[in-house]
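Protein chains in written order, with our numbering: chain Z, 1 to 345; chain Y, 1001 to 1346.
Think of the hints as simulated: they come from the structure by calculation, not from any bench. A quick note: this is a predicted structure, and the numbers were derived from the prediction, not measured. All residues carry an ideal CB built from backbone N, CA and C; glycine is no exception. Wrong hints could be hidden among the right ones.
[Unchecked claim] Label-pair distances were calculated between CB atoms; the ranges are:
hint, chain 1, residue 1, chain 2, residue 2, range
1, Y, E1338, Z, L17, 34 to 44 angstroms
2, Y, R1029, Z, D116, 28 to 38 angstroms
3, Y, E1338, Z, T11, 53 to 63 angstroms
4, Z, D116, Y, H1343, 29 to 39 angstroms
5, Y, T1019, Z, P79, 52 to 62 angstroms
6, Z, P160, Y, F1334, 19 to 29 angstroms
7, Z, E319, Y, Q1288, 54 to 64 angstroms
8, Z, G291, Y, L1217, 17 to 27 angstroms
9, Z, S174, Y, P1101, 56 to 66 angstroms
10, Z, T83, Y, H1343, 47 to 57 angstroms
11, Z, S174, Y, S1083, 26 to 36 angstroms
12, Z, G14, Y, K1309, 35 to 45 angstroms
[As the list claims (entries may be wrong)] Under 10 angstroms between C-beta atoms, here's a sample of chain Y residues computed to sit facing chain Z:
hint, residue
13, G1045
14, D1047
15, S1062
16, P1165
17, S1201
18, Q1203
19, K1211
20, Y1256
21, P1272
22, D1277
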Amino acid sequence: MVSTPQVVGDTLPGADLNAPLLEVEDLKVEFRVRGKRVPAVRSASFTLERGRTLAVVGESGSGKSVTSQAVMGILDSPPAYITGGEVRLQGVDLLKQNEETRRTVRGNHIAIVFQDALSALNPLWSVGFQIGELFRVHRGTGRAEAKKRAIELLDLVGIPDAKNRVGHYPHQFSGGMRQRVMIAMALALDPEVLIADEPTTALDVTVQAQIMRLLKSIQEERHMGLILITHDLGVVADVADDVAVMYAGEVVERAGIRDAFKRPAHPYSKALLRAIPRVDTLGQELEVIAGLPPNPASLPTGCPFHPRCKAAEDRCAEEAPPLAAVAEGHTSRCHFAMEVYRDER
Amino acid sequence: MNAELGQADSATEPVLEATDLVKHFPIQRGIVVKRTVGRVQAVDGVDLRLHAGQTLGVVGESGCGKSTLAKLLVGLETPTSGSIKVLGREIGNLSSRRIRPVRRDIQLVFQDPYTSLNPRMTVGDIIGEPFEIHPNVVPKRERAGEVKDLLDMVGLSPDHINRYPHQFSGGQRQRIGIARALALRPQVLVCDEPVSALDVSIQGQVINLLKRLQAELGLAYVFIAHDLSVVRHIADEVAVMYLGKVVERGTGPQIYDHPRHPYTQALLSAVPVPDPDLRGHREEIILQGDVPSPINPPSGCRFRTRCWKAEEQCAEVVPTLQVGDNGTHPTACFFAEERDVTHAVK
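Extracted from the complex, chain Z is given alone in its bound form:
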């Protein structure tokens, strides 16, 4: 990679330190394929503060990964285009910045850990070289120094014998160790925001526990904001402070962790919580959400969840519900949010 080494200060130009760390407001992303426009994200809004963990929960196709790629600025365009909304990092709207600024933001301020570490790492370079590249490109560090930093990082993420492992190639690592390498890369430039996109989905459960513990301890140590993208509500209950539930490209509910699990205000979140088997209780028949998640190319009218919703009425098929507050810090996109919240519906 050829690029002029540039030294970047710790703060983004124009940043307001009193503003929330990261605010996503009404973000819209669409895919343009063969003349057709398919909305992948129709309205994503959430806020992340320093030292907090926000879980973005949703099933496949709900738009959670596209949202994180838009925030990171790594959408493949074409076919994906951001068509509206703002992504503010300490008050600075990233979507209005030029590509050069965005490049410095990536890694320095916002970093991402992908689900599939094997395809996210380049198989032709040693992991040490790939981690060191961040220092060489972003900070203009020399090779020897970059390698030394890479060893420190590998050590930090719990890779044994980091001194020798630094010269190894991705295929020489196990799945869990590769995910640690990914985390080391994400942490290299000391970002304020870390996005973890299904970081443990490909891993075995005992390794998942190791990785989640590592992420959590580093986040607390560095006082970072962590966005955890996942479909696993168990992991969410274990680590998150706040929850945003996505369905059909929209954030349909935002709540603090306890409210999200104990007093859901959206029928989808509520049904989802009842549909998951738990290891600690022997459930009777699992409750089922009828039907299928909608196809983004032909969404139902009104509320996109209404064909599967037990609480739906005629109005739901006609009118899309707005995001309404049911309590302090708890919003839901449902016509009957308050009744669902009070468990009356």
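Given chain Z, put chain Y in place with the hints provided.
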């Protein structure tokens, strides 16, 4: 072996029984002259017994041999040694031609509903194909009706008989896979990770379908999965596998509420529970490192390299499944001791 899985009432014959099942895959080097340089010990001495209408859950992490076990049970792999009996008939040493009639009674549901259905065949052809292979089961002119009945049974519209797999969602495709497996009216279904490729809202639908079919048809299931929460909801008995061996087995409550093997305990404690109130109130056992390679498994107890209880004895002697002093369920550990890791204890 004095402790077999299965109901204690040995009056009824088990529908599926495996004894000391071993499958080693040779690793060969050389192009013209092949020599064996090692063996992957995928399954190494597994016993199991399954009765009609029961579900045996097999859990373990990747590389523990659970998928190889599935293939052995339905006769897709030939065991290196040991015996497999389906309805009392030995299939372990049969040739693929002679195994065919037996396979009618034991069918496999695959993990990935996207690659296990032929995209060029209609759903009717996919579900009806078993009848071509076993022509005696259903007379030719009744087959179309039978396929429609099967579609109806798994909750799909019989009108969809002429559609192709790509016109269905993942959950619906898994239903097609189940309908195909049921076509020959088998007594045993081996389900290899049947819901792990599906979204959570769809998983429940498929699990409930499997439960309903079991109640209606008296099927026995071998349910192989890595997700312990799912297994808890469907299995009557559970076998925990680690590197080709069963390390603990018992009824659902025995395994989940009273686990005795350190590996089972670590596995259970690592499963997150979707309840924020339990955060920090459950036992946490974080294992070090990854599962060792099955090519060169550790001597003695295979779990000893990651076990906090390991002593010298564990490296020298292979622990066998032993019933505890007070008659508890069988565990392959010298230091087996009950510990509740599933529920809040702190």
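Structure-based check of all given hints:
no. : hint                                  : in the structure
1   : Y/E1338 to Z/L17: 34 to 44 angstroms  : violated (53 angstroms)
2   : Y/R1029 to Z/D116: 28 to 38 angstroms : holds (31 angstroms)
3   : Y/E1338 to Z/T11: 53 to 63 angstroms  : holds (55 angstroms)
4   : Z/D116 to Y/H1343: 29 to 39 angstroms : holds (34 angstroms)
5   : Y/T1019 to Z/P79: 52 to 62 angstroms  : holds (56 angstroms)
6   : Z/P160 to Y/F1334: 19 to 29 angstroms : holds (27 angstroms)
7   : Z/E319 to Y/Q1288: 54 to 64 angstroms : holds (55 angstroms)
8   : Z/G291 to Y/L1217: 17 to 27 angstroms : holds (26 angstroms)
9   : Z/S174 to Y/P1101: 56 to 66 angstroms : violated (43 angstroms)
10  : Z/T83 to Y/H1343: 47 to 57 angstroms  : holds (48 angstroms)
11  : Z/S174 to Y/S1083: 26 to 36 angstroms : holds (35 angstroms)
12  : Z/G14 to Y/K1309: 35 to 45 angstroms  : violated (57 angstroms)
13  : G1045                                 : violated (23 angstroms)
14  : D1047                                 : violated (25 angstroms)
15  : S1062                                 : holds (6 angstroms)
16  : P1165                                 : violated (15 angstroms)
17  : S1201                                 : holds (4 angstroms)
18  : Q1203                                 : holds (8 angstroms)
19  : K1211                                 : holds (7 angstroms)
20  : Y1256                                 : holds (7 angstroms)
21  : P1272                                 : holds (3 angstroms)
22  : D1277                                 : holds (7 angstroms)
The structure is inconsistent with the numbered hints 1, 9, 12, 13, 14 and 16, although it conforms to all the rest.
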